[in-house]
Structure formats: C-alpha cells, structure tokens
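Student: Put together the whole structure using the sequences plus the hints.
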Amino acid sequence: MIEIQQPQMVDRLAQIIHMMEKLDQEKDLRNKMVDLLKKAHQQEFSIAFCGHFSAGKSTMVNRLFGKDVLPTSPIPTSANVVKIRKGSDQVTLWFTNGQSHTYAGAYSEQELKQLFKNGDEVIAIDLDRHDAPLPTGVALLDTPGIDSTDDAHRIATESAIHLSDIIFYMMDYNHVQSEVNLQFVKELKQRGKIVYLVINQIDKHREEEISFVQYQESVKQSFANWDLEIDGYFYTSLRNPMLPHNDLDLFKNTVQQMIQDRDVHIRKSIENEANYLLSEYVRRWKERIDEQITQELKEIQVENRPTLAEITKKVEESQQKYQEVKEQIDLLLPNFLSEIDHILKNAYLMPYEVRELAHQFLETEKSDFKVGFFFSRGKTEKERERRLEAFYEKLKQTVSTQIETHLKQTITQYLKKNEVYTEKLGQEVYGLTIELSPDLLKQVVKSGAGLTGNYVLQYTEDLANEIKRRYRQGSERLFNTFSEELKTKLRDQEQSLKRQLEHQLSIQKVIERSVNRQQEQEESAERLYSFLTEKSVPELTIDVSIYLNEEVPSVSHQRYELPIASEETRKEEEVIQTSEKPASISVQQILQQVQKAEAIISHQPSLQTIYEELVQKRKRVENKAFTVALFGAFSAGKSSFANALMGDSVLPVSPNPTTATINRICPPTEAYPHGTALIHFKSSETLYQDLQQVFALFQQKINSLNEGLKKIPKLLSQATFTDRQKLSFPFLQAVHQGFERFSDDLGQTKRLSIGEFADYVANEEVSSFVELAELYYDSPWAELGVTLVDTPGADSMHARHTDVAFQYIKNADAILFVTYYNHAFSRADREFLIQLGRVKDSFAMDKMFFIINAADLAHTEDELSSVQEYLESQLRQFGIQNARLFAVSSLMGLEEKKGIVTTQTHIPGLTDSGMSQVEKAFSFFLMNDLLMVSVYGLLHQIQQATQVVQQMIQRATQGNDEKKRAQTQIEAEKGQLLQQIQQLATTTTERALQQEIQELLYYVKQRLLLRYNDVFREFFNPTTLREDGGSKKQRLRLCAQELLDFIKHDLLQELRATSLRIENWLTTQLDLCAEDLTSTCVAIHSEFPIHFSPESMFQAPLFSEPMAEMKVDSMRKELALYKDAKSFFEKNEKEILQEAMKKKLENEISLALNHQQQALYEHYQQQWTLSIEQFKQEAIGECEQYVESILYALSDEVDLEQLQGQKLQLSEVILEMESGIVRKRS
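Counting from 1, position 332 in the sequence shown corresponds to residue 336 in the numbering used here; the numbering is continuous, with no gaps.
For the record, the hints were derived by calculation from the structure and aren't laboratory data.
Glycine residues also receive a C-beta, built at the ideal position from the N, C-alpha and C atoms.
Keep in mind that the hints are not guaranteed to be accurate.
Here are the simulated DSSO-like cross-link-like pairs (lysine-lysine), alpha carbons at most 27 angstroms apart as the crow flies [to be verified]:
no., residue 1, residue 2
1, K325, K502
2, K1036, K718
3, K325, K623
4, K1052, K1148
5, K1121, K1147
6, K1138, K1036
7, K754, K705
8, K302, K1052
9, K1127, K715
10, K1036, K193
11, K428, K398
12, K1148, K1037
13, K318, K302
14, K224, K272
15, K502, K302
16, K1036, K715
17, K325, K370
18, K290, K1036
19, K1138, K1009
20, K383, K398
21, K325, K513
22, K1147, K290
23, K1138, K1052
24, K1127, K1147
25, K400, K386
26, K349, K290
27, K446, K349
Quick list of simulated restraints, FRET-style, between CB atoms [as the list claims (entries may be wrong)]:
no., residue 1, residue 2, range
28, K317, N707, 49 to 59 angstroms
29, S687, K1148, 28 to 38 angstroms
30, E744, Q194, 36 to 46 angstroms
31, K1148, T1173, 35 to 45 angstroms
Tutor: Laid out in structure tokens, this is it:
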C-alpha cells in the first residue's frame, strides 16, 4: 500500500488529474479522482449504508438521525442515493443527464418519498437539514438496493461507495448467505474499503431452530469461505431494542466513535481510494492496449498472440527459407547435375575383369594380331569379334549396375522430393537409354598407341569418361522435360514464403508497437504512482480551484414542486375473508340425500346406467382427497407456514435454505399411521441428471455418474461467477461427502419415524439424495382429506423441479403462494407468477391464495396496507386480478395453535396472527367451491333420473294403440339416434386444432422476444460483467449461457402452458360437440332427456429441452461484438449486441416452434380421436338405456304405481338437496 502524506494531498491529486487529462484516457476515473480531490479539500466524512432492498438501510439512517427523515417501507423506496448532512434546509438534485440543482427549503415526508422514488430522472439527492444531529462535515448515505439491475442505480450506488469512508453493509437475518451479498462485499474489500456487516431483524431468530451462537458462526464461515476479512459484525433489531444479542447500542456507539476519529478514517479512505483508482486506471489502460493489439492482430487474421522473441525468431526463419528458395531456382540445373555427377564419380566401370577383357580387345586392334598358321585370316576375324563382344557385354553389364540403376533411382527420388513426380515422368526416367555400341569401344582406341599396361589403363579411363559424359548429357536432356514444372513450383513456393514473411513482419511490427506502448504505459503508471509517494517533483503548479469549482450546483430560492400522487384506488371487488363462515348443512348431509336417490332407482333396470354413474360420483365425493401445493422462494417461510397450518413443528425451518426435496404431508392411513415417514431416494439416473445439469453450469460435460463423482473435487476448486454456480456448491459437496453412505439406497424407499424425518429433508448432505419425502400426520386438515405439498423453493437449482411445479400448478386443487414481508417479490417469485399468470385462465375456478408471511414485521397498519397494495399491483401485472391476499405471521400462528400467549409481537390492524382468516377462507373454498362442483354434478344426475321416470310415467298411462304407435316410433327413432352418434364428424375440429396450435405458438414467440428485451440487461449488467471478476471472455460466455438457459427454460414453460391451453380448447370443443349432439337427438326425439357431458382426459406430452443443440459457441460471432464494459454500458454497444443475439435466437426459436407445432398436433389429434370414440361409445350406451326405459314403460310389465312413488321420492330428494345447497352457499 502506498502511503500518502496528507498535507499536500490536494496538490498531488491535482497533479494526477492533470496527467490523466494529458493522457486523455478513462474520463470517468479522472472525474472520480476530481471527486476525491474535492473530498480531500472539504474533509467530508461519509458513512454509507448498502444492502438489498428492504434490508433496513433507511430505517437505520432514521434511527441514527433521531427522527424519520427518510421514507421506509418493506417495498423498494430509495431509487437514488440520498445524502443527509447538517446545513441550511435545502435539497440538491443530481440528474441522470449530469446536471444538478439546489432548491432551498424543507420538504415533507410525502414529498421526499415521491422524490426518492424518482430514479428515472434523479440519480442522487443531497438533503441538508438544520436539525441534523451530525457534526458539520459528516454525511450519512442511503443507497438503492444493490440487487437492482438498473444502470442508474448502479452508477448512484457506486458513486456513493467511491467517496465513502466507512460502509455498513446491511442484510436481512434470513438472507445473509446470498451470493449477491458475498460478491458485493468481496468487491468492496478488494478496493480497500472498511466494511462492517449489519445483520438486521434478528428478532426473527428462534433459538429452538438454531442457537444464536451457531448462527453467528455460520455467518462468519460464509464470508470466510470467500476469503473475506470483515472489519466487524453487528447483529441488530430495530423493532425490539431489548432483544438479547442486539448490538444496536454498540452500533450507535461505534458510529459516534468513528465520527470522533473521522480525520484518521478520511486520510486512510482517501489513500485507499486513490490507490484503487490508479490501479483501476492502470488495469484499464493495460486492457485497452491489450484489446488494441488483439484487434490489430485480428485485422491481419492472427488469433494467438506471439511474444516479440517468438515472432522475431519466426521472421528470421522465414527470411532464411525465402532466400534459400530464391537461390534454389537459379541453381536447379547445377544442383541436379551435382547429384548426377556424384553418382557418375562413384561409378567404378573398369574393375579387373573388365580391364582384362579390354586388354584382350586392344590386342586385336594391333596390326600384327594373328591367330594360327593355317587359314589364319578367318580365325583371326572370329577371334576379334569374340573378344569385342565379350568386352562389350561385360562393360554394358557393369554400366547398368554402376550407373544406370543408381541414376534412375536418384532422378526418381529427386522428382518425388520436389513433389513433381508423376507416373508419366517415372516411365520416362526408367526409359532413359544411352547409346553404348561396340563401335564406341573401337572409337576410343588411339591409333599408333603401343599395347602397354599404362595404355590399357588410359584406354579404360577414356572409355569410362565417355560413357559417363553421355549419361550426364542424357540426364540433362531428361531434366529439361520437367524443369519448367519444377521452376513453377519453386516460384509459387517463393511467393508463398514472401507472403508469409510479409505477414510475419506485420505481426512483428504490431508486437513491437505493443511492447513500446506497454513500456510507455508502465513509465506513465510509475510516474502517476510517484505523485502519491512524493517521489516525483511537480513540473508545474496546478490551479486546484479549477477542479474544486466543477459541477457546482446552482441554487434556487424556489421550492422544487412535485405533484403528489393520490393514493392508489382500492379494488372495487374485495375478497371475502373473515365473513366466510362454514355452512350450517354439511356435505355429508347432502350425500345422505344422494344415497336415498340411489336406493330409489337401484331396482329399476332401465335406470341402471344412471344408478351406476350416481354411485361412482358419490363415492368420489366421499373419498375426496385434496392436494394443496405450497410455493414460494427459499426463505419465504413456506415450511413455517405449513407448520402453522398443521399446528405443530412438523417441517424443519431455518434461516438458511432447507427445502431441498419435495415434502408431502398426507392424511394417515391404516397402512401408514400417524407419525410414519416414507423417504423415496433418487434413482442413480436422477442423480446423474442432477450432476449433468450442475456441470453444464460450468460449461462442462459428464458422460456417467461415476465420471461426475470423480470430477466433483476439481469442480469445487473452480472460481464461480454466477448465482447458480455458487448455489450448486453445497449440493456438490453433499453428493461428494455422502455418496458412499447413500449409494445403496438410491432408487429405494425407506420407512422412518417422525423423529428421523427432519434430517432427511433439511440436512442437504442427506436431502441431496432424496427425491420425495412423505409424512403421514394427523391434523384437522388431514380429516378433510388434505395433502399438503411443500415444494422446493421457486429458485431451486434442479431443472426437474420446474416440471414438478408445473404439474402441481395444473393438477393441485389449491395453490398457496407464500412471499416474505420484507422481500416481495424475488426474481424466482416473478418467474413462478409469470407461469401462474399464463395458465390461470385454464383453471375451472380461481384456486390461488397469496400469503404475505412475517407480517408481524409491519410497524404500522398503513405500512402493512401499502405492502398489500404493492403486492396486489404486482399480481395484476402478472394478469392475476382480485387475488385472495392474506397477511399472516406463521410464527404467531404456530404459537396460537400451541396455546402460547405472547404480547411481544402483533400485526397492526389484526387481533391475531392472521392464520384464522386464511384457514376460514381456505376451508370454505375446499368444502364449498370445490366440493359443490361435484355436488351439482350429483344433483344433475338425480334430476336426469327424475326426468326419465316422468317420461316413463307418461308412456305408461297411454292407451294400447298409442303404445303400439309409440313403440314403432321409438324403435325407428333409436336407429336415427344411433346413426347420428356414429356419424359424428370431427374433421373440421382437427383442422381448427392445427390452426389453434399455430396461433398459440405464434404468440409464444412474440412473448419470448418481448421477454428477451426485458431480461437481457439482467444477465448482461455491470455486476455480472465486472472487470475484476476473472477472464472477460469467460464472464461474457457465462452471461450468454445464463441468457440462453433462461430462454430455453422460458420456452419450455411456454410450451407447458400452451399444452394446457390446447387441452382447454379441446375440452371446449368436446363440450360443443356434446351440445350439438344433444340438440340433434332432441330434434329426432323431442322428449330426449339426456344432456351429454363427456369427461375430458387429455394428457400433455412430455417436453424435452427445446433448442437443445444450441450452445454458447453458436453465438461466438455475436459475442465478438463485445469489447469492454465501459464501451458496452456507456456507448451503444449493449444495444448492438442485444439486437445481434436476438436475431440469432429468433431463428432458433422459430425452428424449435416449427418442430413443436407438428409434434403437438400429432399428439393432440390422436388424443382427440380417442376422446371422440370414447364419447361415442358412452353416448350409444346412454341412448340404448333410455330407449330401453321407454320401451319398458310401454310394456305390460311396468308398475305405474311404483314409478309414481319413485318420482315423488326423487322430487323430495332434489328439493332437499337444492335447499341444502342454497343454505350452504349463503
């Protein structure tokens, strides 16, 4: 750390700024250095409060201030940085366009609340108050939530941090171990900031869940795991100052002490920040040089950058090769002949045997050569010829072995070595012949030479040289046949080497420039640092006032007038809550009336079909089991809410995420009595799929479970950059540590007691291996047949949980969505609610209940109302109107059920925990809204039976002639009825189905692209692309991967919702088909009493991951548009990349939807056909049963008195049921 001498700080910072201006680089850092200079001049001590939305920052500032200066609310309030300090009453507004203005006067809380929310125009607010309990020169800063993805919020918060001397990072008790918290604190410490952690709202702590000491240790361990040394921890509760472990007084005293010691803190803060800004300046400068060089190299098609030594060596090698090729062209023939000469030189043509034959031949050339005495002339000539022939043949043989064979091999190798060999050339080489005749042997003989030993040697040497000369000439002639081709090839090689050399020289120049730039940069950086260390003597005196007077806001004596928004209009339709009371008549009494009706018609053969359906429907109502699904993000309080419903601590709760499995609390059965737990372990395949998904987060692939298990340690050692990566670590650690223990349990089910249950669902080392946990538990809800399903958090990392959630959304009888009072709604909540909004219209009735948990945190009734209004407005944005919304405290609710009386907490405006209102409304929904649908179905069935009995009575009272005519007519009409049913046509519906699917998927694409525009900035934001977070390319790829995964997931969710819409459309078509058929039957037979009501049983297809083949690498071209974070966010590059990626994704989405369109049509067309066929068979059966009843009434066997008695009894049942239903609904 460079220590700066304080007395000359302002002047030295001015020198640095002046040099920055000369270098004309990184103006934003130059401006920050100006801010630092002003701070050094003014000596203002700043204490900043940072943290998530609703962590209690504004409330803590108010507490330090001594009165409510800043607006507070569990919903987001501060959209800008607010600075409070002592001074004349005025407000200074710093606008997003860079301008600022000061307005005199004090402002009301309502005016400030509206002003603080105006983050679109105002980036920061300085609030000067004459009554501020602060010394002059001390400021308190309140910042927007650090989880905001808004660029303006980021700039405002960063600006506040930049000049802050002390930072208090505030966190909610239940949300400490958030990756955003850890990463943000890490960045603060990296820039040398003094950071204290304030864990607020410790009044949520429950000692029976986890001891406070253990909780403190877990907090410290979380930050230690990130190698963070925190300057101090404070555990506070602003709500209950008297709580044990409340460090609020210690916190206040610490702040006061800091203010007293502010000179030391200011000096240290300026030192640290100046060093940080310079290091950031140097880092960016280096990166910019690096990017310039990369771009210059890219322009000359160079991907991998060489060092100067490497490229210099390559240039030298290329120059040498180029020169060698140039010389080789000129020396082609000499070099070729040199090889030929080498062979000829080493060819030994005159060994002893050949020389002896030469000697004998030379003897015949003497004039006195004679053979014999008699007839010598003829004998002499023959001897001459024999010796010549012998010499010639032996010499030719020697030449062939010593010259010809070697010569042809050498020339062939030469051609191949120079890559010009062809079969044709090869034939020419091996066809090479040199004229070697007996006459040559004679021609070389010198006349007059004596036959001496020396001459024989001379002769053989002359002859050998002549032969070699001829072979040399022959080789040269052969060379001329391919020399041009060889020269052309070498010239091409010469040009190629020339281009290569020129390219390498270009690279060398770029690298030399980079070295020079780096040297210049290092020298400038050293000089900049020297100003801080006082090693450098200023070259000139800088007028500091130039910088001190920059951006001084103008002062107005007029007030800044703001239109005060009127309170949001309440919904006209209020949801019935406390007024809903259980009916005086029970469903059981209604079912007793149904059983009476069954007994009345059970012995009537012609009513057997109606009787069987009635019994079946009544038993379904009697055995009705309700599935209630509980949704919400981690730490929203789902498990604690479930416990409050059950009236006991059934599910484990903790400030850390616990629900890692799907938990079902079921009514006890004979086989599984109260307290029985069933643990269903994951299969090996499911565990393998979970690991595959986690490895994919790190852009890695595994091909088996064993491979994944072996690679876990290496994966755990890697750096993490995204929330999902960090969240996967506990799961990986659990699998790594527990696999050996649970490997034999995979795919099995284990029966346990309730005491063992908690460990299997809350302890991640165990629950990571559990797929489903079922607990059979007796409670009032169990007596109603309710199975409560506690799902994993809406932000679960496992992809299959999304499908599980959708199935529960679709099939559950009721949905309870729990959100946390201080954190409504998280991103995971938002995604779930979007999906809920997609499918809500397909529900037969509104089955959704929304719970605001931990409402006991509300300070006032108005605050609670504002939170409720905020949530209602948010739900309306998701298309959820008139939501059933309840504020509760599950903690208080559980205490109420256990009979524990507490006066420490209450919910403003409510006399209890709020659970009673939820339970009344919920039980009314289950026992009235849901069951009454079935009850009306039973009533309709009895009414239909009564109508048939009435017609039978009418027929039975006719005369014999009328009966005969009626029998003939009904027989004829029966044929027409059955014919109409058999001819039921659905071709038009199938064509309409295709069009419906096409239209639905068209809107899916439109919604996806609209969402893409909204979510792009969430994944490509300053936090995710921070420049000190590892490799730029790696971070960029991870952002793209996160976006791609989101689009794939959102498309999958859209497809699931689309399948539900198609099923509803088909159900409507089936109902219309039934109505048309009923009308047709009535037209044929006017007294036709049956109203067809087919049951639709459409099943959704199994969807695999859409766009599975699309990987991040397929967007390499688009991602190459990204240069650096500064250009990306401050220029137009973000929009350019956003549009480029959108075009790429749009094409892939279209292809995926085209495939799905055909698949969906084939799936549902088949299901439609099956449904129609089933409906036909049921309709035929009902028609035949009805005709049979009429024919029976027209027969002599009918008992008219019995029929009349049955009608009377059935009418009484109907009257009693209708009366009971009216009383029940009232």
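Student: None of the hints should be skipped; say for each whether it holds.
Tutor: We went through each hint and held it up to the structure:
no.: 1; hint: K325 with K502; result: holds, 10 angstroms
no.: 2; hint: K1036 with K718; result: holds, 22 angstroms
no.: 3; hint: K325 with K623; result: violated, 95 angstroms
no.: 4; hint: K1052 with K1148; result: holds, 14 angstroms
no.: 5; hint: K1121 with K1147; result: holds, 12 angstroms
no.: 6; hint: K1138 with K1036; result: holds, 15 angstroms
no.: 7; hint: K754 with K705; result: violated, 32 angstroms
no.: 8; hint: K302 with K1052; result: violated, 33 angstroms
no.: 9; hint: K1127 with K715; result: violated, 33 angstroms
no.: 10; hint: K1036 with K193; result: holds, 21 angstroms
no.: 11; hint: K428 with K398; result: violated, 31 angstroms
no.: 12; hint: K1148 with K1037; result: holds, 19 angstroms
no.: 13; hint: K318 with K302; result: holds, 19 angstroms
no.: 14; hint: K224 with K272; result: holds, 25 angstroms
no.: 15; hint: K502 with K302; result: holds, 20 angstroms
no.: 16; hint: K1036 with K715; result: holds, 25 angstroms
no.: 17; hint: K325 with K370; result: violated, 61 angstroms
no.: 18; hint: K290 with K1036; result: holds, 14 angstroms
no.: 19; hint: K1138 with K1009; result: holds, 23 angstroms
no.: 20; hint: K383 with K398; result: holds, 23 angstroms
no.: 21; hint: K325 with K513; result: holds, 20 angstroms
no.: 22; hint: K1147 with K290; result: violated, 33 angstroms
no.: 23; hint: K1138 with K1052; result: holds, 22 angstroms
no.: 24; hint: K1127 with K1147; result: holds, 20 angstroms
no.: 25; hint: K400 with K386; result: holds, 21 angstroms
no.: 26; hint: K349 with K290; result: violated, 65 angstroms
no.: 27; hint: K446 with K349; result: holds, 23 angstroms
no.: 28; hint: K317 with N707: 49 to 59 angstroms; result: violated, 41 angstroms
no.: 29; hint: S687 with K1148: 28 to 38 angstroms; result: holds, 37 angstroms
no.: 30; hint: E744 with Q194: 36 to 46 angstroms; result: holds, 39 angstroms
no.: 31; hint: K1148 with T1173: 35 to 45 angstroms; result: holds, 39 angstroms
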